[in-house]
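Between the sequences and the hints, there should be enough to build the whole structure, so can you do that?
Here the protein sequences come in this chain order: A and B. Per my numbering, the first sequence starts with residue 241, numbered consecutively. Per my numbering, the second sequence starts with residue 20, numbered consecutively.
Pair ranges (Cβ atoms, derived): (1) B/Q65 - A/P342: 43 to 51 Å; (2) B/A141 - A/S408: 30 to 38 Å; (3) B/S262 - A/L272: 56 to 64 Å; (4) B/G157 - A/K264: 35 to 43 Å; (5) A/S496 - B/G157: 43 to 51 Å; (6) A/A509 - B/E142: 22 to 30 Å; (7) B/A141 - A/K264: 39 to 47 Å; (8) B/R106 - A/S408: 24 to 32 Å; (9) B/D34 - A/T513: 40 to 48 Å; (10) B/G157 - A/A257: 33 to 41 Å; (11) A/R351 - B/P104: 22 to 30 Å.
Per the computed footprint, the stretches of chain A lying under chain B, defined by three or more beta-carbons under 8 Å from a beta-carbon of chain B, are: (12) 410–419; (13) 424–431; (14) 500–513.
Which stretches of chain B does chain A cover? Using the computed rule of at least three CB atoms under 8 Å from a CB of chain A, they are: (15) 102–112; (16) 127–141.
Calculated from the structure, these hints are not laboratory results. Ideal placement from N, C-alpha and C gives every residue a C-beta, glycine not left out.
So the chains spell out like this:
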Amino acid sequence: MSEITSVARRRAKSTSARLKTVLKNLFNLGNLRGLCAIVVFVALWQLVIYLQIPYLKNLPYPRAVAHDAAGAAVTSDYWIHWGLSLMRIFIGFIAAQVIGIPLGLAMGISRTFKQFSFPLFEILRPIPPIAWIPLAILFWPTRELSIYFLVFIGAFYIQVINVIQGVSNISVSLKWAAFSLGAKPGDIFWRILLPGSLPSIITGMTVGMGVAWNVLIAAEMIAAKGGLGRTTWESYTNHNIPFIVVGMVSIGLAGSLCSALLRWLGKQAMPWTKKF
Amino acid sequence: MTNSASAGDRHTAGDFGEVRLEGVSKIYEKDDDRLVALEDLDFTVQKGKTTVLMGPTGCGKTVLINLIAGYEQPTTGAVYLDGEPVREPGCDRLVVFQESALFPWMTVYSNVTFGCQVQGMAEKEIKQKAKAILNTVGLFDFRDKYPAHLSGGMQRRAELARALINDPKIMLMDEPFRGLDAMTRQLMQDFYVRLYEKEGHTNLFITHEIDEAIFLADRLVIMTFQPGKIKAEIEVDLPRPRSFKMMATPEFMKIRAQALDLLYEEASKALAAGRKSAFDLVGALATTKDSCQVAL
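This is the structure:
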């Protein structure tokens with residue numbers, strides 16, 4: 241009996257200890273410094289309006305933006321826009337990884353395949369994703385599909401290039417060592433080439449995610465129904481200036497949320513890069 | 020790959036590992052550049068002995084190791100291991116590379132057991148062997164660490180363990196202690212000489228450092244600068260077990276003076292020829308050519 245309670249107590253203790261560490265991590269000096277910069281930025285924004293600096297007179301007060309944001313946050317519409325944008329990002333982005341990573345690996349590993357595919361790839365790559373908008377709209381049966389496609393294009397080329405680079409960066413002595421130790425081609429792929437190119441894959445994802453958001457917002461403003469880009473644009477056409485800023489801040493938050501997710505993913509996938 | 024080295028068929032280290040090179044040349048050609056790295060080389064690594072190879076940078080020492088390991092093929096001639104021609108890399112000849120070739124994404128344990136894993140050894144047996152070898156190199160408590168979290172000396176010991184666990188017939192040591200600080204280097208030399216004196220495995224060891232060479236060697240082989248040939252062989256008959264104190268003995272000094280004279284001749288030639296560029300060419304050709312060969 242006493243054993244059970246002691247276990248329970250220990251467990252309770254560990255939860256409260258965990259909460260303590262979470263709070264400690266949240267309010268460490270680094271984060272407080274970051275918060276400080278945000279506060280200063282808002283103060284400057286307020287100051288700019290207060291001083292009536294020319295060309296910036298249409299800027300809404302931080303207070304008005306905060307008011308609109310608070311109002312929006314309790315409506316389901318606002319969160320539907322978030323959901324729509326995030327869904328478009330994830331579908332396009334994941335498709336880009338699912339197709340881009342194997343393609344990059346194949347191009348990095350097989351010289352013959354690279355000789356076939358790389359020239360075509362290099363001609364298509366410089367076409368900005370935005371330039372694909374007209375064709376994407378004509379080509380795909382629904383607007384949603386064309387937006388997925390555009391996001392895909394945004395993340396795809398960058399990932400392929402990164403994976404090729406990642407494979408070629410793996411030192412030849414690692415491959416030699418593995419062969420000597422009796423590795424077969426399958427082992428070389430799964431145990432050497434794939435983990436060896438993982439840092440580049442994660443970089444490709446991080447950069448690709450940035451471009452994907454760029455493309456998504458442009459595509460939404462031009463072609464979409466709903467989404468954070470669209471709602472920002474509609475605020476402009478409705479001359480609802482505070483809500484333009486709400487939309488922009490929302491996009492910024494959504495983007496940094498995605499980056500944080502990738503950073504976390506990178507850390508989980510590559511424990512060997514951890515620094516002490 | 021016959022020595023999957025289960026407990027039963029473990030050979031006695033030192034009974035195997037005789038490497039014979041017969042008329043071996045290695046010539047790199049690319050466009051108009053032509054580099055004769057090794058020319059008509061006849062050379063034997065005696066089994067159960069530590070053969071140390073010295074020579075100026077660019078004399079083809081690393082190429083020699085690559086040929087024995089099977090990473091590269093000789094342009095002419097052939098390499099034999101215990102009478103069998105060498106055709107491809109195998110775990111009977113294991114290399115400890117100049118720069119660490121530990122897999123950065125694997126823990127010490129996974130690195131050390133990599134050979135056993137890919138050869139399909141039973142998990143229980145792997146665990147047993149790993150424990151023994153990790154204890155030998157003093158890394159058992161560090162088995163779950165990644166290479167980046169180890170000191171230079173520990174990395175070298177992990178790499179030694181990764182080779183030794185496979186019970187290779189010959190260890191090919193390509194300047195393994197280069198880049199370590201003086202103290203760690205000395206500790207590693209001492210560690211290595213003890214290990215050799217205990218296990219007696221066949222060794223081919225490359226180094227630039229004369230004292231390290233004599234301290235470890237049964238036989239010291241000095242190579243000429245381009246094209247790489249054998250210039251001289253010196254028997255090092257210092258008694259074993261070796262100790263650092265021997266470095267002050269007249270016998271040691273005599274061998275040292277003899278070897279330095281020979282090395283100096285070759286180093287001067289290398290310097291006159293602008294060895295840096297020559298070395299770079301070998302390096303560039305070796306990586307471009309052979310990386311494609313061993314890539315899938």
